[in-house]
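From first to last, the protein sequence lines are chains A and B. Per the working numbering, the very first residue in the first sequence carries number 1; after that it's consecutive. Per the working numbering, the very first residue in the second sequence carries number 1; after that it's consecutive.
Don't read these hints as lab results, they were simulated from the structure. One thing to keep in mind: the hints can contain errors.
Footprint (simulated), chain B over chain A, 3 or more residues, beta carbon under 8 Å [said to hold, decoys possible]:
1) 18 to 32
2) 43 to 57
3) 111 to 120
Beta carbons are placed, not taken as given, at the ideal position from N, Cα and C, and that holds for glycine.
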Amino acid sequence: MARLTDPDILARYRHALTEWKVEGYIVLKKDAYEGLRTTIPGVPEKVFGEALYRFVCEENGEIDQVKETRNWEPCNRWEYHYDLRPTIDGVKVYVETRLYPESFSSRDEPEIHVVHIKPA
Amino acid sequence: MSAKKKPEPQSRPFPWLCSDCVTRTVVPTVIDFTAKVKHDAVIHELHLPGIEVPRCQTCGDLAITTAIDERVNEALRAKLHLLSPAQIRANIEKLDLTQQELADWLDVAPETVSRWMTGTLIQSSRMNKRLRMFFAFPTAREMLRRLDEDPQLGIEARVDRDRGEADRTGDPPTSAVQSKPANPVGQRGFAHALAVERIFPRVKSNYQDVDPRRYVTPVFSY
Numbered sequence: 001m002a003r004l005t006d007p008d009i010l011a012r013y014r015h016a017l018t019e020w021k022v023e024g025y026i027v028l029k030k031d032a033y034e035g036l037r038t039t040i041p042g043v044p045e046k047v048f049g050e051a052l053y054r055f056v057c058e059e060n061g062e063i064d065q066v067k068e069t070r071n072w073e074p075c076n077r078w079e080y081h082y083d084l085r086p087t088i089d090g091v092k093v094y095v096e097t098r099l100y101p102e103s104f105s106s107r108d109e110p111e112i113h114v115v116h117i118k119p120a
Numbered sequence: 001m002s003a004k005k006k007p008e009p010q011s012r013p014f015p016w017l018c019s020d021c022v023t024r025t026v027v028p029t030v031i032d033f034t035a036k037v038k039h040d041a042v043i044h045e046l047h048l049p050g051i052e053v054p055r056c057q058t059c060g061d062l063a064i065t066t067a068i069d070e071r072v073n074e075a076l077r078a079k080l081h082l083l084s085p086a087q088i089r090a091n092i093e094k095l096d097l098t099q100q101e102l103a104d105w106l107d108v109a110p111e112t113v114s115r116w117m118t119g120t121l122i123q124s125s126r127m128n129k130r131l132r133m134f135f136a137f138p139t140a141r142e143m144l145r146r147l148d149e150d151p152q153l154g155i156e157a158r159v160d161r162d163r164g165e166a167d168r169t170g171d172p173p174t175s176a177v178q179s180k181p182a183n184p185v186g187q188r189g190f191a192h193a194l195a196v197e198r199i200f201p202r203v204k205s206n207y208q209d210v211d212p213r214r215y216v217t218p219v220f221s222y
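Next comes chain B alone, as it looks inside the complex:
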């Protein structure tokens, strides 16, 4: 089966008119192009070296075509690790999903999925992360399925003690209590580590050298 070739965008023949100097001297010129584009409320400056841009040979003004816009989008996607329309399409196909199904999973409108797939809308970084997680991890899809099936899930947080998670009830995680002697947290116990972390949240590497009682009780040395 031969792959469908994307039709080349139609274009008026050059030279085009420059609306600044009103001369018909705009022709494709290879330049280092820089554009400022906004994504997720942040402005990104993108540099595209050596690309062909219609440029006025009289005043130097630039005209932006669809091809340049697509190059800018590619550069933005590469910079922010955003999935491309082709990648989204391929993943949907691989998982044998419809656009409607993916839209339902992600709680977006089907039109939004369609626009991501055609490249007429660039997904937000937040939505991109959800897409990547959805495509990358079968467990993520399973979790979403379970959430749909059981509306009670998530009402009460569950703590996985086997993975070292602690909750606010004060019970230490299993791994902290049973940790090996080489672990500085384990050497002096969980309560010690917790106290140090509360006092020095950014200097955890010095756990074993710090006695938190020294800092909890004021020391007067007059």
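Chain A on its own, in the form it takes in the complex:
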């Protein structure tokens, strides 16, 4: 686990977060959504997206780039996942995300998929 410092990946991660108002740039899977609604109940999904944006882009919060070692699907389809630990509504939460596309050669716009949320 290491802090994400690669400027290209960081720029793409930030780019996705700056689009937090637009659906489809920060995508919550159902498990992550239920994690959000049980870990920080009362905080709507749109507020969560904004909180991630503020944590990374305004507060320079830490993003951990984690080499994926879990050898089961769907984790093994990804080379890395990215962990954040922001404090939202007074609660420190663990947020596991995936950044698409992983390849720099892709022309696709970056997007973040939130796969897991739990208390940090």
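Dock chain B against chain A, hints included.
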């Protein structure tokens, strides 16, 4: 005056990517959706039949959008009788209050009131009850005003005997003493009713058939 129309949330065009099977096959699909959400430390399972949810056509995985989150919040509010942001806004307007004033009345931060009004925070059931009481009863607002004016209020409990309240001094409430003959409490007197209630707190309907002395004094029948 025309009502302001809420802007539709912006969205990337479908199909979206599914991060589980890494295919771009996520499209809005009408399904029966169930979500578990926590409120006041209790987990509620909410069922939303026939709603449109972005779903992967390859693996069936779901993505949750703001619109779905709002539907979940509506269902939670309906289940727990929580005031909606629009209802809170309308009541504040009707009472000609500012957010700051309501916050002062309820002893919360003005930001909290603002977040209730915009729907970015769902009020707790306890706070919802205070809000409903505050909006519903002018007497509740009057009581809060009086509490603010007189810091001595509440230091000593006041008993309203005309309403049948009793205190621990042993004096019976006026209504119990002067009750009509049809009232089983009144037929045998307050002390009897009190004794029965202490012994049988859950079987008050049998007041007139029970002689509490039988149970207070041990009976040996050898």
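ask   = Three or more residues of the stretch 43 to 57 of chain A near chain B by CB distance under 8 Å?
value = Since three or more residues must qualify, the claim that chain B covers the stretch 43 to 57 of chain A holds, with 5 doing so at under 8 Å.
key: Coverage claim, chain B over the stretch 111 to 120 of chain A, checked by counting residues with Cβ within 8 Å (three needed)   = holds (count 3)
message = At least three residues with a C-beta closer than 8 Å to a C-beta of chain B: is that true for the stretch 18 to 32 of chain A?
response = holds (count 10)
Taken one by one, the earlier hints all hold for this structure without exception.
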